[in-house]
Amino acid sequence: MAPAGFRPLRIAGYAALVLWSAVVLFPLYWVAITSFKTPSQVNGGPYYLPFVDFMPSLHAWVYLLVDLRNDTLRPFFNSFVVALCSTVLAVLAGAMAAYGLSRFRYRVHLGSIGLFLLALGLAAVAVVQAGVHWPVAAAAALAFFFLAVRALAPRMRRSVGNQDILFWLISQRILPPVVVVIPVYLMFQQLNMLDTLPALVVTYATVNLPIVVWIMYDFFNALPRDLEESAAMDGASRMVIFLTVALPLARAGLAAVFLLVWILSWNEYLLALFLSTADSQTMPLLVAAQNATRGPQWWYMSALIVLMIVPVIALAMLLMRFIRRGFLVGAVKG
Amino acid sequence: MNAAGPPPAGRWSLWADRNAGSIFLLPAAVVVLAFSLFPLLASFYLSLHRFKFVSGGFELRHVGWLNYKKLLFGSQQYHFLGTAGEWHAAFTFVVVAAAAALIFCLYRAARRGVGAAGIVGRVLAAAALLVLLLLFLRIIVTGVPGTLATTLVYVFAGGALQFAIGLGLALLCTSGLRGGNFFRVVFFLPLMVTPVGIAYAFRMLSDMSKGPFAPLWKFFGGENFSWAADPWQARMVVIIGDSWQWIPFIFIIMLAAIENVDNEQREAARMDGADAWQVFAHVTWPAVMPAAATVVLIRAIEAFKIIDLPNILTNGGPGIATESMALHAFAAWRTLDLGGSAAVAYLLLVVSVVLSISFFNLVVAPSRRLR
Amino acid sequence: MIKPQHALPALALTAMVAMPLSVTPAAAQFNGVEVNIMTFTGPQIAEPLQRRAPEFKRMTGAQINVITVPFSDLYTKLLTDWATGQNSVDAAVFAPQWMADYIEPGYLVDLSAQVAADSALQVDDISPFFREFSQRYKGKTYMLTLDGDFQMAYYRTDVLDQLGKQPPQTWDDYLSIARAAHGKDWNGDGEADYGSCISKKRNAQAYWAVMSIAGGFLQSQGTKQGAFFDAQTMKPLVNNDAFAAALKVYVDTTDYGPPDEINLDVGDTRGLFTQGRCALTVDWGDIGTLAIEEGSKIKDKVGAVPLPGSERVLDRATGKLARCNSRRCPYAEGGVNRAPYAAFGGWSGGISSAAGKRVRDAAYAFFSYMSQPAQSNVDVTIGKTGFNPYRVSQFENLSHWLDGGMSRAAARNYLGAIGDSMNSPNMILDLRIPQNQRYQQNVLDTAVARLLAGEINIRQTMRQIESGWEEITDELGRGEQAQAYRATLGQ
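Sequence order for the protein chains is A, B and C. Each step along the first sequence adds one to the number in the working numbering, with nothing skipped, and position 48 is 48. Each step along the second sequence adds one to the number in the working numbering, with nothing skipped, and position 369 is 369. Each step along the third sequence adds one to the number in the working numbering, with nothing skipped, and position 458 is 458.
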């Protein structure tokens, strides 16, 4: 830190920066040139410089973009749609929840949580043991829950507050995807939504929601309240205030979160593997699929990886305008 | 509703405004309830069963805690917990010392007047730490680690390495060197690559016979030796790949935190004759501590789920040296041992929840309170 | 994608049995029928299917959609699709090893009647092992073989000439060649090369290599005897002197392999072998076609033999090794018992019982078309496909191979080894009982990986495999598993 005036330190600082840039860039460089190598150049390697020690070939790109064409472009398009929709959904719902948690006081009675779990348990027992059709069980459980809450609410004492709700939402991120893939598969099968893009959109939106809430909560907390208060004086409703005052103020945070969630959805593999069969396959599946009975097809795989990075870089460039300096400023305020 | 209320449209918006709080929270809560709660419970249910495909569907046979017993005490113990090695006299000393230190901490907490729940939580955390220590000594130092120990190595060693480098880079980028903007864009790049792609990229890079470092490896006399055959070197390679991807995340958040620190304060400290280290230790670090704690927590949570890198680099080998818990669960799932898979996944959940909450309560929350 | 309506399976099944399919596809016979066929991503299997789909459509009117998923997830993908009643897949090309898991719950259609009535298929031309064992389960035909898969040992003819050695007959021969060849430069690049390259990566193909070595020690009485379990008691054959000897060979080959052999999958070893860096390898038939591809440094320098064997085989009563005699090893040649291992079994087509009748018929007609000599004899010579020979006519007639770019001597040698393997009455059928993946991929593979990593020794490895297998057998029901095992062996 602060080697500003002192020359040797300054040089060491630059050396470290350049060194790390090399560490970051070299794997990407290697992937990029591998996409222009022939199989025998890869197997007989290493070769480092195109035109100098090996003759680049477009064969992998031709195969993917010309021979396979739709089999490459469809997953690409799917990935794009899924990433876009799920990111918008997650950011919207997450920002709303974060805003709510930073502006309102919530009190959820422990009793109603207990009742909810009870209703859920009863429904589960009904479905598993008595073979009740699940929509019926779910509806009955919901009805039971609301009636019971209405009846018992006045008698409930202990409750949980904003911090607990926040922690609960965030803790969803702890869940390893392997824990939930099978039930999620069965759920979408019941809804007849397997191998559709909406299934992926909803799933990604859910798994990424905690991150949005987490970062945006700190962000909204750090925003000055006076603008919102004056808007409220003018008679604007809470929703209008949220949309026209709070969101624009938080755009740097929104942009950063958007980018982060986009990256997570765009790159997700495991859930996509379960939820898609043919029509809704996404790019990470296509990358992984290049490892088949003949071993990894490095040239195709590299070309696909390059193909996958480009849109993310473009998006990052676009959003950097909003993020600029002070990226995530609010997010890291305590 | 009141019959003499405003016209329908207005009435609705009034109602909406009165319940704005619920409306803000509702979408997130419903989505999370629907998509997390059910799978979580269903998965637990599955872990108590044996799964079998039969004509026209599948059959679940209740087996109680068998799947867990297998992992903790039975035929899969070597796989999950690992195989314990010999006991050294030095271990006894270390354990007694650690236990004494923990009891002292508990005593101090009790004196400070922490509530009953806090004491219980701390006792649990202390017990967990002791178990971890025992695990570390007997399994990692002298025995053969299972997937639990390996996952913890990834989380702790990987997390520490990534935090150190990420913070260092962030400090460098804010130290007034030119080109900071260029470097921060470059440093962000690895986060954009799909983890599957990174895993394959590192498999190419770590190939010491036709990868880019092959000549270097040979130059240093490695042609008759492979990292892939050595458990600790293989784990190192996994950690390097993981770090390559996640350092940018720590870097970018620490960068924002450091830039947020009042520059005037730093200048003032410098005026008072503080050297670079003192400025960092007394001004910058206390200010960025909450962000650091948060980012470490986020990273740890994600690190518990590590699967792509060990799966693709080494498929968990040599032996079971690089297999993480997530990979363990995934492998069981692949061969349709769904109950066993769910049990591993659930244990992973328990471990990560206990450690994450401990970390949150002991590090993140206090650091925020301090501010 | 619009899918045809699925009729009631039971109803359709009756209809199908009652009316044999006309075997020569008439034009427009399947107009408007769409068949979704799933296999794995990559040119090996999907390419020939996709290439022949348009001509099949011109002939019959049926639209074939090839759906691909990552190789590693094909098994579970099919199972979940059929088991949960999703049924988006009408037919699939997969490893016949998995078929018990699909047939037992009733997801696959019995094709016996159709095969019997299908003269164009020329089923007698399919080699006996695939016809009698690989396509069948419990006496009924459920799959059509499109690819012949078994492991063989490959050697460099030039290396053996220079060393003055003969192709390996036993695993001791194999080791002695590997020892002699290791550390010398065999491709002229100035670097020391390796004696033997076997894919030993965990969770990849290693467990097949182990059984390829163990087979000759374990099975001597013909395919029906089985090499994995005692067919009566389901007692695993993995904790005895024979398996110990095989594991010893497996570990010893590591001394003459690349240093990172423990982390090589079959793609890596094939790369090394075709770059001329290995004197020996154990692999599927793909080596033959890959060796003549562009960029190969071993064109016309590759020879193949059926898997080496052993002069001493397992005495199942005592668990000891016993020298071969005519009673103990009826199929031995020169006192050496060999057991070619049909690892994986060769990609084959199966049809979902949940598909509608016309869809099933169209799927059958397509698989039959793919398998008929006119098509398949061409496809097995194309290096890009993963199809290896499985028909008698494919190794009697050299012209296809010469057209495919092989020299006459190489083609003779390669096909000779394939023919010898395929015609061997002592071929080992891969494990096909329900949940065989858990036996092999989880238990066997993990134990062997730990052995190679030095975590456990040979005794412990064998005990770990034995107890792991017994645990699964007890869990799934010993009686049922034993019955399934006997059924796959045709006992």
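Quick caveat, the hints were computed from the structure, so don't treat them as lab data. Just so you know, not all the hints are guaranteed correct.
When the alpha-carbon atoms are kept at most 30 Å apart in a straight line, the in silico DSS-like pairs for lysine-lysine are as follows [stated by the list, open to error]:
#, chain 1, residue 1, chain 2, residue 2
1, B, LYS52, C, LYS57
2, B, LYS210, C, LYS299
3, C, LYS224, C, LYS140
4, B, LYS218, C, LYS184
5, C, LYS357, C, LYS57
6, C, LYS299, C, LYS165
7, C, LYS297, C, LYS184
8, C, LYS248, C, LYS140
9, C, LYS165, C, LYS57
10, C, LYS165, C, LYS297
11, B, LYS210, C, LYS184
12, C, LYS184, C, LYS320
13, C, LYS297, B, LYS52
14, C, LYS235, C, LYS224
15, C, LYS57, C, LYS138
16, C, LYS138, C, LYS248
17, C, LYS140, B, LYS52
18, B, LYS218, C, LYS235
19, C, LYS224, C, LYS138
20, B, LYS70, C, LYS235
21, C, LYS301, C, LYS138
22, C, LYS57, B, LYS218
23, C, LYS297, C, LYS235
24, C, LYS248, C, LYS224
25, C, LYS138, B, LYS52
26, B, LYS210, C, LYS301
27, C, LYS320, C, LYS224
28, C, LYS301, B, LYS218
29, B, LYS69, B, LYS52
30, C, LYS301, C, LYS184
31, C, LYS248, C, LYS184
32, B, LYS210, C, LYS297
33, C, LYS184, B, LYS52
34, C, LYS165, C, LYS140
35, B, LYS69, C, LYS235
36, B, LYS70, B, LYS52
37, C, LYS301, C, LYS165
Remember, predicted model here, so these are calculated numbers, not experimental data.
### Task
Any hints from earlier that this structure breaks? Give me their numbers in increasing order, please.
Hints 1, 8, 9, 12, 13, 15, 16, 18, 21, 22, 23, 33 and 34 contradicted; others consistent.
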